[in-house]
Structures are given as C-alpha cells and as structure tokens.
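Colleague: As a plain string of letters, each chain reads:
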Amino acid sequence: MNKDIKASAPTDSEIVLGILNNSEIVLKRLYTTYFPMILQLIINNNGNEDDAKDIYQEAIIVLYNKVKSGEFELSSKLKTYIYSVCRRLWLKRLSQMNRYGGDIRDFEEYLPVDDEVETHNDRDIQFNKMEAALQLLGEPCKTIMEDFYIHNRSMQEICERFGYTNADNAKTQKYKCLQRLKKLFFQQK
Amino acid sequence: MPAKAEEIIFSAEIKESTEMSENQLLESIERYFNGEMTAEERTQFELLRKKDANVDSKVVEHKLFIGLIKQYGERIELEKRLDAIHNEIDVHSLKEELLIKPNWIVNMWRHHHSKISVAASIAIFAALTTLFFTGKLSNHDSTFVELVQKVDRLSTQTHQLDLKTNTLAKQGVTKSNKIENPGNFRGTGFALSSNGYIATNYHVVKDADSIYVQNAVGESFHAKVIYTEPGYDLAILQINDPTFKDLGNVPYNFKRSVSDLGENVYTFGFPGGEEVFGPGALTAETGYRGDTLNYQVSIPVDHGNSGGPLLDDKGNLIGVIRGLQTQVAGAAFAVKSAYLLKTIQNIPSDSLTKSLTLSTKNTLAGLSRTQQLKKLKNYVFMVKVY
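Protein chains in written order, with the working numbering: chain A, 1 to 189; chain B, 1 to 386.
Derived from the structure by calculation, the hints contain no laboratory data.
The C-beta atom is built at its ideal place from N, Cα and C for all residues, glycine as well.
Any given hint could be a false lead.
Straight-line distance between alpha carbons at most 25 Å, and here's what the computed BS3-like set of lysine-lysine pairs gives [unchecked claim]:
1) A:K28 x B:K95
2) A:K68 x A:K53
3) B:K95 x A:K79
4) B:K63 x A:K176
5) B:K70 x A:K129
6) A:K53 x B:K95
7) B:K224 x B:K245
8) A:K129 x A:K176
9) B:K80 x A:K53
10) A:K92 x A:K66
11) A:K182 x B:K63
12) B:K70 x A:K182
13) B:K80 x B:K224
14) B:K245 x A:K182
15) B:K70 x A:K176
Each pair of labels, with its calculated beta carbon distance range [as the list claims (entries may be wrong)]:
16) A:Q179 x B:K80: 25 to 31 Å
17) A:L91 x B:A284: 44 to 50 Å
18) B:T286 x A:L91: 55 to 61 Å
19) A:E160 x B:Q44: 44 to 50 Å
20) A:E73 x B:D52: 41 to 47 Å
Only chain B is shown next, with the shape it has when bound in the complex (with noise of 0.2 Å):
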C-alpha cells in the first residue's frame, strides 16, 4: 500500500499545472454551496454548471464526498463517546452474573439436548423392556402381602403326621372341647348364619389338610372348605363338629350396596392370635391399583386378620378383610360384601346339607360401639388351619 500512495503522489505532482485549474474549480464550488459568491458570480456559476456536464457531475460529487467526511468525522465522535460510556461499565463482574444463571446443567443441555434426549429414550426403552421380561409390569406385585401368617411351608409337612394322630388321639380319647393347637396358618372367618356357616378367605384355608375354628372363649370346631372362590379369595367353611351347637341368630346383615367413602367402619379379628378391635374408615371405592373387587379402608391391620368381617357404624356387614399394601401405611383391602353374597349363591345346593340363611335382621344398629363387640364376639372365629 504505500508504494502505491507513492505512485500517486508523484502522478499527482505531474499533474501540478492541472490540477491548479481544479484547485480553482473546487474553490469556486465550495464558495457556492457555502453561499459566499455575489449574485452575480452565482449565475455566472450555475450557467457554467449548466454548460459543462463535467462542471456539474464535479459540484454534485463534492457535495457528496464532503458530506460523506462529515458523517464520518460524526461517526468517529460517536465511537469515541460510546466507549468511553463502555470503559465505565464493569463488563467483568457483569459477565460472571450473567454465566451464573446458565449453569452447567444448563448449558449441559443446550449443548446436548439431542444426545441427552436419545439417551434417556434407549434409557426409558431398555428399562420398560426389563420391566416386561422379568414380570414386574405384570399385577403380580410384591408389595401386596396377604395377611396370613404364614411358618415355613417345610416345617408343616414334617409335622402333618404328628398333629394327625395327636388329633385323632384327642378325639378319640377325650372327646375334648379344648383342643388347644396352634395352627400353621392362622386367620380370621365370621358367622354367615346361625348353624355354622362361617365365611373366611381362600388363601387362610388354601391347601389345607384340617381347619379348626376357635371362637372367643377358646373353643375349637372342626371345619370343613364347602366352596370355594378364588377369584374373590373367599371361602365358605361349615363347622362340621358334634360339639357345636347353634349360635344364635346373627346379629349384623349383608350389604348389598357399594358404601360410601370416608364411612367409619371396623373390623374385629385374631391377628396374632387374641382378639382385637380395629377401628377405622373406608377410604377408596377401589383396591388395591383400582381393582373394583375390593374397597380400601385404613384399618390398622396385621397378620391373622385376613378373613375378619367388615362392618360399618350401624353393623351392616359390608366387606371382608383381605390384605394390605406394605408401601402406604394404614392402607388394608377389603373384597366387597357384594361379592361374598355372589359367592354363597354359586354355591352348588348339593354341597349344602343344612339350610344357609342369611339374616336380614341387623340387631347392632342402634347399640354403641362396645356392646356391638360384645355381641359381635360370638360370631367371629380364628381359623387354624393345619
């Protein structure tokens, strides 16, 4: 570049006697725009003007290139102000506030979003296909724990001969009321009519070789499975003991009819093996994972409880206790009453051999709440099973 600047230099100096004409002219036009000729000058300048194309292109370029230095001088000014406002902020300490907001998570995503994206769908993917294979999406779930009290399946079949003959013995011998074993599975079943019916669930006496039923002041009958439902998981026992004699009529009736959430009801069973009393409320219309089979109360329940009767403030009987879900505490299941009136209809008439009539008459309604157990207690049985 300055070679160049040189050659024009000294082309220039070449044209020195020429370019003195265009000093003139240059002169002329200045002193035209900046309005410093005589009227008459001025005529004589715009006739020129006029006259000469190449006097004319010579005025308006001027005009241009001068205001063009203008404007740039303007621009210059301007820079020069702007930063000197830009020297006085702080962009440093500005820049960290700013780099704080994106953080790295952030900014993670934005540089990744679509890897991360495709990641975490192979992710989900893979998870799901996991889930499948092994069963866990499957309603088989572990954390529905039925509530029997279960002892080592092992430990029963070593026993059953054992308890057979001592059984057989004590029959036989003594013809004993009081027979004082304690069941492998132990649950809790409850009165259906007065000439004992008892209702329980299928999973209490499933695979059972012998069922003993003890009421509450310790006396033990023998039972016997007369049907079954498993997909209800009850089952209906018939006390088959010379022993027994009638209960009475049942004081509580069967609801036909869904109840009504946030309904105060109990339960009175045999977990653990003593009686005991359990208050609570009916909380969902729907079991477990909104299975219609069963309502969901909150009743502290345990083990042994399974099979125990579901009754509400006025003593209708309206569920039968069947499990609970270990993840939510205080949350039991309960098969709806509806369904074990199903299940005494399907009972084929020839397994009957005496009448089951249900009571329609409800004695506990207008009693408080512990003469409803005194009476109550009578009717609901712990059901050993060996």
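Extracted from the complex, chain A is given alone in its bound form (with noise of 0.2 Å):
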C-alpha cells in the first residue's frame, strides 16, 4: 500500500494549485504520501503513532495556511519543508514534555522554519481560547454563533432552527451572546 502511494507521489505545484482550489483528492494524496516518513521520524524519536498524527497535522495545517495565504513559494521541496516543521514542532514537544533528550535522529535534510512554527503557535493559542470561550459560552449562544459567524446559516435559518417566533428576538439573541463570547475570549490570559 505504501508503496503505491510513493509511486504516485502528487508534485509539488499539483499541491500547491489542489490546496489553492480545495481538492479533497489533492489533500489526502498529500496527506497519505508524507505520513510515512513523518510517522519514522516521531517513533525514532520518542513518540508513538498518536504523537505522529498530532504533529504531522499541525504541519499540513501550516502548510495549508501558508499555501491559503498566497505566502508559499516553491523555493524547497515540499517534502523538506514537512520534514522540517514537524522536527520543529516535535523538539517543541519534545522539550516541553521534558522527554528531549538533546538529540534528535535525523534522516532528511531540514530548513530553519522557526518562524512558521511560531506564527503557527500565535494562531493556535488564539483558536484554544475561542474554543473555551465558546464552551463556556454554552448553549444555546455556542450553536448560534457557529452557525451564523462559521457556517453562514442566515438569521431565518436560525430562527426556524430554535424556534423564535420572530427575527427581531432572534436577532437580540444574537448580539447578546456575540457580547458574551468577546468578552470571554478577552478575559482568558
């Protein structure tokens, strides 16, 4: 199986333009041809298959937000700079599990991606705070919020759904718990 996947290996610009247009096809060629590596990579060094899905996701999440964000240039091989973010976020890991043991078993060449890695760890924090933010927010602000800001649902939608005699109320609804969820988000450290 692994090795039909190599042998159809996506190149790098395939990736670049199926990531651009959101080609489900495209994604899971990347994910399925780059896992195997990053998977030797975690377990050489301390880690089990769970780590590598952790780690290997967080770094086509980068990819695909640098890619999304018109930011990536194909300057290197897109497998080195996979192999490069995971080794980063790994020694991250590593180091903040205290398991690091000042050396890591390399097997590809890597580039310094420091940078990416942080951007990337800025952002996440941002997202774990919405997340608690809309867990404390609780129902039913959290479903309203998440229909209307993430999935775009209308007003009239989201009336029907919770079954506010009028769009006015629901409407009210709205804005109070937007009031909420910013100010829980803005009173996390």
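Using the hints, build the complex out of the two chains.
Modeller: This is the structure we're talking about:
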C-alpha cells in the first residue's frame, strides 16, 4: 500500500494548486504521501503513532495556511518543508514534556522554519481561547454563533431552528451572545 | 470554570440596559461591513467613528474578532477533513513496516552506541595487550614451519652413541659406500661446484653431529659444515669422503638479479626420502609477511624439501627452498639466490681446502624439462643428519 502511494506521489506544484482549489483528492494524496516519513521520525524519536498524527496534522495545517495566504513559495521541496516543520514542532513538544534528550535522529535534510512554527503557535493559542470561550458560552449561544459566523447560516434559518417567533428576538439574542463571547474571549489570559 | 461562567452571565444581565445600545452599535457595525447601509447611513457612521474613538476601536475589534471566529471555524473544518483522511490510513501496519527496518541491533546501537564504543575500545586494547605480552605480535609465527622432518630430540640423544659406533664400524671394516642409515633430520642440498661443495638450509644441519649426503643413485658421502649463515638460513657443506669423485661441471648457474613474478619455477628434492620434482610459479617477490630475503612460490613442497634448489625455466638457480606457510595452501618460501652468493662470498678463505668456483655456464638452458631433470639429478643430494 505504502509503495503504491509513493509511486503516485503528486508533484509539489500539483499540491499547491490543489490546496488553492480546495481539492479534497489532492489533500488526501498529500496527506498519505508524507505521513510514513513523519511516522518514522516521531517513532524513532521517543514518540508514538498518536504523536505522529498530531504533529503531522499540525504541519499540514501550517502548510495549508501558508499556501492559502499566498505566502508559500516553492523554493524548497515540499517534502523537506513538511519534514522541517514536523521536526521543529516535535522538538518543541519534546522539550515541553521534558523528554528531549538533546539529540534528534534525522534522516532527511531540513530548513529553519522557526518563524512559521511561531506564527502557527500564536494562532493556535488564539484558537484555543476561542474554543474555551465557546464552551463557556453554553447553549444555545454557542450554536447560534457557530451557525451564523462559521457556517454562514441566515438569521431566518437560525430562527426556525431555535423556534424564535420573530427575527428581531433572534437578532437580539445573537448580539447578546456575541457580546458575551467577546467578554469570555478577552478575559482569558 | 462553570462558577465563573454563571457570574459572567449574572453580571451581563445587570448591564442589560447598556447592552441594548451596544447591540444596536454591533448591528450597525455588521451592517456597515456587510454593505447593507445606505450611502447616507454610511457617511454618518464613518463620521461617528472619527468623532468617537470608542466606537472606532469597537469597529476594529469586531472585524478582527469575527475574522478569528471564521478562521477558527475553518481550522475545525480542516482538522475534521484531515482526521477523516487519517482514519483511512492503516497506521498499524505502516508502523510495523517501519519498525522492521530498524531491527534490534540497530536500535541497540542507537541507544547504546557510546557504551558499545567504549566497550569495544577496551576489548581491543585488552586483546592487543594480551598479544603483546604473550609475544604473539613478534615475528615468531607459529604458522611458519621449517621443512625438516624432525624426529623426537630425545631419541636423537639416546641413539647417538649407537649410530656413531655403527658408522665407525662400517667405515673401518667394509669401506662400503652404501651406508643406508636413515638420518634423523633430512633435507635436500645441491652442488655448488664439481669438487664437493653443497648448499643447504642452516636449519637442516643445525646442531648436527655428523652429516651424510646421499645422491640419486643411493651413494652416501660424509660431509662437514664449513660455513653457516643463520640469518639467511643457509649452510655450506663440503663432502670430505675419500670415495667421492668429481661431479663434473655443474649444469646450472646462479642468478644474481631478482626474478620476475609469474615466472615458471621448479624444484627437485627429497621430501620423504624419494626424489620428487615440484613445478610451480613465482608468486611474490617477498616472503612471509613481506620479508625481502625470500621469494614466495607456489610449489607443492613438503618436509624434506628444505635446502632444495629453486630453478627457473632456463635452468638458472634462483633460490633455495626454505619453508611453507601452513595457512595458505601451496605457499612456500625460498631464499633468493643473491643471498646464497653473499653467503659464499662470506666464507673465510681458510675454511676452503679446495677452491669453490661457481659455474657460470648454463647447460640446462635449451633442454626440455625432463632432460633438465635428468642432468640435475646428479647434483642434488639428500642431506641426512645424525
């Protein structure tokens, strides 16, 4: 199975174009092509397959966002980029867990990707805050917020879903929820 | 955390009145960003932003915050997609596959390479020390066997008297040429000149009480050592037996230069007491462990070949067979003829009762191998040592 995937490894520019076009097939091929490499990296360096999954998905997200933002330049091989990001992320994770032995066993070349990983980390912190704030917000506010702002549902749909008798009530409720969400978000450290 | 949440909700309810106007502001901001305002409303709102810094910061904050919610939503969505892809991968078998490659030896090396290195260095050091103190590192090598048939030394001593009286008796009573006493050390020798000078290995005649040389037809002559060169493992004998007659001109000459690799060479000697022809080739210009005294030859030699002549195709004498290496089949060694010549030069002149004139004429050159051997036969002797 592994070899079949390698045989049909997509080219780097195919992947970049695919991400820009939201192609599910390309995302899947990207994911399956380089996962074995990262699994090997993590397993050989005090990690398990769950760590490998976490780290690899983070790296794919970093790549994805970078491509989407238009900042990604194909100056190096995609493989090297993914390896470098995973390596950096794993080093960070290892030192957080105090498992870092001061030596990572590399089998690929790598680039300095500290900036990317830092940016990703900052954003992650924001997202974690948002997640916590939404949890604290509770229902029905959470769903209203998600439906309206994330899933782009209309107020009409939301009205029907929650059984509000008129759109004004729903609107008032929505803004109340948003106020509270902002407060919960900014109160966190 | 839940306690905190309730508190916030509670305080939110108290401020409901102020929130109402805040809600209106939020609505305006959203309508502003969504482009739902009329041109007039828009200019009014922009004026309000300029006048009221509080309103302006709310606008900026709202934009960022909504952006963050949307990005958060996208992230969650992407994570779901990745999870779905991940679930299709057979991680377990992939892991197995990866784990086969770095097998336990590799892993052991990876985890303990420093310890293994230290252990290995200690082991090597210990081995070298042991070798050094047991003398295994010196040149006395157990694999080098000199080609003499050695019978037990003790028996030599016990038989000595017997043999001496025997020979004396035979010489005195019968004057017989045929003394068929097998020697305890037996090697091969060959004539240097027609008047009874013979070369053999030093190790063949070392510690000898008396020496007899026996020719191809079985006649034995008494001989004595007139000169030895233990460093070259060479000895020069002289036949001093009254029954010895001149041999006639020696058919081979003595090569001064070093012979070339691959040259066809052969020897003729008495391993085990019978005359044996041994063909072969010159395989190295240096001998055991690179010593320049010897040639290495590939000739089937045996104990008893020691001291035999090594000749090339043209009948030049190029060396003296000396020893063999037990670990390499067919590898034997021969002292180069140059050292034989040196040895002959070194013989003090008062040791020579007759002149030792080396043959310079080679009468073997044009002959076939069988004819060469026929001629050669008369100049090669079995050396018996008592």
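Colleague: Hints first: check each against the structure and report whether it holds.
Modeller: Hint check:
A threshold of 25 Å between alpha carbons decides the hint, and for K28 (chain A) with K95 (chain B) the separation of about 19 Å falls inside it, so the pair holds. Proposed proximity of K68 (chain A) and K53 (chain A) is supported: the alpha carbons are some 22 Å apart, at most 25 Å. Simply put, K95 (chain B) and K79 (chain A) have alpha-carbon atoms about 20 Å apart, close enough for the 25 Å limit, and the pair holds. Using a Cα cut-off of 25 Å, the hinted pair K63 (chain B) and K176 (chain A) holds, with the two alpha carbons roughly 17 Å apart.
With a C-alpha separation of about 14 Å, the suggested pairing of K70 (chain B) with K129 (chain A) holds against the 25 Å cut-off. Straight-line distance between C-alpha atoms of K53 (chain A) and K95 (chain B) comes to about 12 Å, which keeps the hinted pair within the 25 Å bound. At most 25 Å may separate the alpha-carbon atoms for a hinted pair to count; K224 (chain B) and K245 (chain B) meet this at roughly 16 Å. Proposed proximity of K129 (chain A) and K176 (chain A) is supported: the alpha carbons are some 19 Å apart, at most 25 Å.
Between the alpha carbons of K80 (chain B) and K53 (chain A) the distance comes to roughly 13 Å, so the proposed pair stays at or under 25 Å and holds. Between the alpha carbons of K92 (chain A) and K66 (chain A) the distance comes to roughly 20 Å, so the proposed pair stays at or under 25 Å and holds. As the CA atoms of K182 (chain A) and K63 (chain B) are separated by approximately 12 Å, the hinted pair is consistent with the 25 Å bound. A threshold of 25 Å between alpha carbons decides the hint, and for K70 (chain B) with K182 (chain A) the separation of about 14 Å falls inside it, so the pair holds.
Our distance criterion of 25 Å between C-alpha atoms is broken by K80 (chain B) and K224 (chain B), whose separation comes to about 105 Å. Of the pairs offered as hints, the one joining K245 (chain B) and K182 (chain A) is violated, with about 130 Å between alpha carbons and a cut-off of 25 Å exceeded. A threshold of 25 Å between alpha carbons decides the hint, and for K70 (chain B) with K176 (chain A) the separation of about 19 Å falls inside it, so the pair holds. Between Q179 (chain A) and K80 (chain B) the Cβ separation comes to about 29 Å, which falls inside the hinted range of 25 to 31 Å.
Taken as a hint, the range 44 to 50 Å is violated for the pair L91 (chain A) and A284 (chain B), whose Cβ atoms sit roughly 58 Å apart. One distance hint, 55 to 61 Å for the beta-carbon pair T286 (chain B) and L91 (chain A), holds here, with the actual separation near 58 Å. Evaluation of the 44 to 50 Å hint for E160 (chain A) and Q44 (chain B) yields a failure: the beta carbon distance comes to about 34 Å. Evaluation of the 41 to 47 Å hint for E73 (chain A) and D52 (chain B) yields a pass: the beta carbon distance comes to about 43 Å.
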